[in-house]
Amino acid sequence: MSYLPAETPFPEPAPWEQAFWDFCGQRSLRFQGCARCGVVRHPPMPVCASCQAFEIEWLEAEGDVELFTYTIIHHPTHPDLVQATPYNAALVIFPRMQGVRLVTNIVDCRNDDLRIGMKLSLVWEEPTPGRVLPRFRPRV
Amino acid sequence: MKPNTPCIVGIGQTAYTRWNQPVEGSDLQLACQAVLSAARDAGLPARDIDGLTSFGGDVSDPPMIQASIGIDELRMSAMVWPGGGGGSCGSVDLAAMAVSSGQASYVVAMRGLAQGQIGRFGRYSPNWRHGSFTHPFGLFAPPQLLAMVVRRHMHEYGTTQEQLGAFALACREHAQRNPAAVMRGRTLDMETYLSARIIADPLRLYDCCLETNGACAVLVTTWERARDLAATPVPILASVHGSSGGWAAGPLGSYNMSLERFTTVGAAHLARDLYGKAGVSPSDIDVAQIYDNFTGVAMIAMEDFGLCPRGESGPFVASGAIRWPHGALPVNTHGGNLSEAYIHGLNHVVEGVRQMRGQSTCQVDNARLCLVTGGPGPAPTSGLILGRA
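Residue numbers (our numbering), protein chains in the order written: chain A, 1 to 140; chain B, 141 to 529.
It cannot be assumed that every hint is accurate.
As the list claims (entries may be wrong) - Across the chosen pairs, the derived CB separations fall in these ranges: (1) Val140(A) <-> Pro465(B): 31 to 41 angstroms; (2) Leu214(B) <-> Thr128(A): 32 to 42 angstroms; (3) Gly298(B) <-> Glu12(A): 20 to 30 angstroms; (4) Asp112(A) <-> Glu302(B): 18 to 28 angstroms; (5) Thr128(A) <-> Gly416(B): 45 to 55 angstroms.
Claimed, not checked - Chain A stretches covered by chain B per the calculated footprint, using a threshold of three residues with CB under 8 angstroms from any CB of chain B: (6) 1 to 15; (7) 37 to 46; (8) 70 to 80; (9) 99 to 113.
Hints in this document: simulated from the structure, not taken from any laboratory.
From the three backbone atoms N, C-alpha and C, an ideal C-beta is built for every residue, glycine too.
Assemble the whole structure, with the sequences as input and the hints as a guide.
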């Protein structure tokens, strides 16, 4: 089972984005950090915007996750998602990793029960073999 | 006025139609019609145009327009890097820079869209910056992407659905007087607004701009040259385009602009520069044409440009302040992208010129300063302040 259909588009990541998805494939949520100054960034970028270093490391997401904002999509704009409406798309923050926001979906939660600031736990979904997506559910 | 002050001396537009109406010819034909109509308005022979600018990835490139309309000597052409409608005022900024510096003499900023042919921006597109971080989660198109920002603004400041509706209703009301408006003859009341289908909560159908076929253009030259032309010159007192840090991964990317600026359009520094260059303050503005891709973000843009305090665009709009003729600051007196047409906001510049000429169908009495803004959300975005000669 997956929150959205297996046919949901998955664009080819840019070369510097690929590692993020490779880690997801191993069910590890890691964000790109600067190996020189330690600033964490997302989406992955070729250079550190703080110190301009090109060296990177991949840091495991940690701590609480919070719902920062969301939308309930009724008009999907993509034919393969029509049956899935209304579905939510959400933006989550990692208070212990300042500067990182991740787009995702909230599962196991009615759309009416979504609340900005709610605490969340990571769940992995694999809509098609080998394609693993980080989603979140309300923390119990 | 200094001799090299840039002025808009000609405006032109084609008929505006809904995206699903047939277009005679092509994007290029629409672009040529708009450019020629701006030249005619100025009383300038088309062959004397020597510069062309645009934005948003316009498909009609300057050499094709040059070849089509018979420009012998083109001296400059430039486009604001694609950031959708963010570059609308930016294309005029480029034209202004070109004429003031002497690189060219008569520069046309133009935008043509045949959305039925080249594709609708509201549809899924596989080519989207940072799409690998948004598409797998069903987030594809601008209304969905920007709905998240509007939702957060509601959370932080208490902005309501009815306040968003008040913006949409004002634009629709203004469009009723504009013969070119696609939505002329189709009035909108709050009950209809609130019962319309949801696109991406909190954005409903009438929070979203139109998708249109059409083109428009403005002709820019210097104050010195403007005196020899037919039309009353409208000076560009200041023009800016640019973006805030991280905005490439901003609200139309993956929302990784700075968190402090999340419920802004990243234009605060541009607004500061704009008013500084023009030597005026936001309270001096008499009328504003605010790029309205979606109600909620247009309202946030009003906050960035200082038309109301941060977080207070909802009550400001609901108070009737933006409605012509009695509001203190009429906004989108042509109907905007929501109700006139979606010419990517260059139609807002055209309306700004009409206001400064005293020729709007919702003319603001004694208007002397008009603010025009570019698309809120994308990077870069832009702005202009137009004055009266």
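Query raised in the report: CB of Val140(A) to CB of Pro465(B), is that within 31 to 41 angstroms?
Result: Violated: the Cβ-Cβ distance is about 57 angstroms, outside 31 to 41 angstroms.
Query raised in the report: With a Cβ-Cβ cutoff of 8 angstroms, does the stretch 99 to 113 of chain A contain at least three residues near chain B?
Result: holds (count 7)
Query - Asp112(A) versus Glu302(B) beta-carbon gap, inside 18 to 28 angstroms or not - result: holds, 20 angstroms
Requested in this report: Go ahead and decide if the range 32 to 42 angstroms is satisfied by the Cβ distance of Leu214(B) to Thr128(A).
Outcome: Violated - the Cβ-Cβ distance for Leu214(B) and Thr128(A), about 51 angstroms, lies outside 32 to 42 angstroms.
Report task. Please count how many residues of the stretch 70 to 80 of chain A have a CB within 8 angstroms of a CB from chain B and say whether that reaches 3. Result -> holds (count 9)
Query - Supplied distance hint 20 to 30 angstroms, evaluated on CB atoms of Gly298(B) and Glu12(A) - result: violated, 41 angstroms
Query raised in the report: Is the hinted range of 45 to 55 angstroms satisfied by the C-beta distance from Thr128(A) to Gly416(B)?
Result: holds, 54 angstroms
Query raised in the report: Three or more residues of the stretch 37 to 46 of chain A near chain B by CB distance under 8 angstroms?
Result: holds (count 4)
Requested in this report: Report holds or violated for chain B covering the stretch 1 to 15 of chain A, Cβ cut-off 8 angstroms, minimum 3 residues.
Outcome: Contact hint for the stretch 1 to 15 of chain A vs chain B: holds, 8 residues under 8 angstroms.
Checked against the numbered hints given earlier, the structure breaks hints 1, 2, 3 and satisfies all the rest.
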